[in-house]
Amino acid sequence: MKTDLTVDTKGMACPMPIVKAKKALDSLQSGQVMEVLSTDKGSINDFQAWVKQTKHELLSYEEDNGIYKFYVRKI
Amino acid sequence: MTDTTIKKMTAKELTRMVLDKQDLFILDVRNETDFNDWKIEGDSIEIINIPYFELLEGVDDILPRIPVGKKILVVCAKEGSSKFVAEQLAEAGRGDVFYLEGGMKSWSEYLEPVKIGDLKDGGELYQFVRIGKGCLSYMAVSNGEAAVVDALRMTDVFEQFAKEKGAVIKHTLDTHLHADHISGGRKLAETTGATYWLPPKDAEEVTFGYEKLEEGRDITVGNTTIRIQPVYSPGHTIGSTSFIIDDQYLLTGDILFIESIGRPDLAGQAEDWVSDLRETLYNRYKSLSENLLVLPAHFGKITELGEGGRVMAKLSDLYLSNPGLNIAEETEFRRTVTENLPPQPNAYQQIRQTNMGKINPSEDEQRDMEIGPNRCAVHDK
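First to last, the sequence lines map onto chains A and B.
Using numbering that gives the first Met the number 0, the final residue of the first sequence is 74, and nothing's skipped along the way.
Using numbering that gives the first Met the number 0, the final residue of the second sequence is 380, and nothing's skipped along the way.
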């Protein structure tokens, strides 16, 4: 997937993954895609709920060897 | 000058506040799904849910919803997000702001020991209230020896408590193969050299050695006798066994609770076990002394906690008040315990496998498996 920005939050715990992701998302233009990498299992549900609440689009979510990857398109 | 420092509250302190019915306002900042599944409850607790990720730009919008002059506790899953939000509340000028140390994780794991009463030979019986999850364990102590019933996986709590009482744990017993939490019975027996007892009919698939809990095999604690008398009482599981301790107390496991009765479906055999459950509740228990004090392995609602947090009731009183003991028709009973049951406990299949010794999850995995309420009673909606 073509991404415009990668936010690496590996090793960080709540609330930092979403704090970082929000900051990054604010800097993007509408239509651009952000990739967020996280190792915090506890924030998976939070992340999905957050994207839903912000009305941006969660394109996909995958897990690869304990690393969770989220792709979000800014609306 | 506003006090912008936040204070931490431990699960133990929070438990005290709940039991003493002290006023507290809780702002739970977990996501809505987790909050609706399971939250902190208490008569004196007012609680609202606003996820932390809705507060990334500040707390100004929600200040009108936060009472002034009341203790405020911010709660999240682990701790980080509650500190993040609590700090903002304090900066906004709110004075009495706390965060829950260790979050819901430590709330789920905290055990409060409560004394149930003295035993005839001078021994004592204690109940351990796992208030965040609704689990209850017991320890009978007498003359330097102790027996633990339905031990939870936080085994160090039991070891420490026995040590303080100057007692050596000689026996650990499980009333049945648990489906809502990971038993600490086997681990506690291994670390203390105690004997681990399980009902054989629940242990057909276990991968480890144990002593068979059967009627007639009384267990003694201390050199004067506290008799722990097993009473076969199937229904929640096929092996479910109750204990009469010191001819005074009836430990009912997950068969009979204070405001409900056990569900028969967690091992996948609801239809088969309904008649066992009915037989146990309406006949076997009826033949016991009605003065026995019932001590269950769970509570479902905070209203089941009595004085000082004790969960206990006289058997004869339960025959009057407990809805599960007052269903005259067998068909209606069958319907109550097999239809419209609450959701099953989180990860209950894996928990059963763990308790059989078939899988060995890490401590973190065990913690995740146990998240949420116990949901072992038919009325836990």
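Be a bit skeptical, because a hint or two may be false.
Below, a list of computed lysine to aspartate or glutamate pairs in the EDC-like style, where the Cα atoms sit at most 20 Å apart [unchecked claim]:
1) B/K300 x B/E289
2) A/K40 x B/E364
3) A/K21 x B/E12
4) A/K40 x B/D363
5) A/K73 x A/D63
Label-pair ranges, simulated between beta-carbon atoms [said to hold, decoys possible]:
6) A/K21 x B/I46: 34 to 42 Å
7) B/N35 x A/K68: 35 to 43 Å
8) A/I66 x B/S320: 29 to 37 Å
9) B/R366 x A/E61: 43 to 51 Å
10) A/K68 x B/K6: 31 to 39 Å
11) B/Q268 x A/K68: 21 to 29 Å
12) A/K21 x B/E331: 34 to 42 Å
These aren't lab readings, by the way, just hints derived from the structure by calculation.
No experiment lies behind these values; they were computed from the predicted model shown.
No residue lacks a Cβ here, since even glycine has one placed at the ideal position from N, Cα and C.
Against the structure, the hints:
1. Distance hint between B/K300 and B/E289 is unfulfilled; the C-alpha atoms sit about 24 Å from each other, more than 20 Å.
2. Proposed proximity of A/K40 and B/E364 is supported: the alpha carbons are some 11 Å apart, at most 20 Å.
3. Distance check on the hinted pair: A/K21 and B/E12 sit about 35 Å apart at the alpha-carbon level, beyond 20 Å; violated.
4. Distance hint between A/K40 and B/D363 is fulfilled; the C-alpha atoms sit about 11 Å from each other, no more than 20 Å.
5. Restraint check for A/K73 and A/D63: the C-alpha separation of about 24 Å exceeds 20 Å, so the hint is violated.
6. Distance hint for A/K21 and B/I46: a CB-CB separation of about 26 Å, inconsistent with the stated range 34 to 42 Å.
7. Separated by about 27 Å at the C-beta atoms, B/N35 and A/K68 break the suggested range of 35 to 43 Å.
8. The given range of 29 to 37 Å is broken by A/I66 and B/S320, whose C-beta atoms sit roughly 53 Å from each other.
9. Checked against the hint of 43 to 51 Å, the pair B/R366 and A/E61 fails, with Cβ atoms roughly 24 Å apart.
10. At about 38 Å, the beta-carbon gap between A/K68 and B/K6 stays in the expected band of 31 to 39 Å.
11. The supplied range of 21 to 29 Å is broken by B/Q268 and A/K68, whose beta-carbon atoms lie about 41 Å from each other.
12. For A/K21 paired with B/E331, a C-beta distance near 54 Å fails the hint of 34 to 42 Å.
The structure fails hints 1, 3, 5, 6, 7, 8, 9, 11, 12 (numbered hints given earlier, in ascending order).
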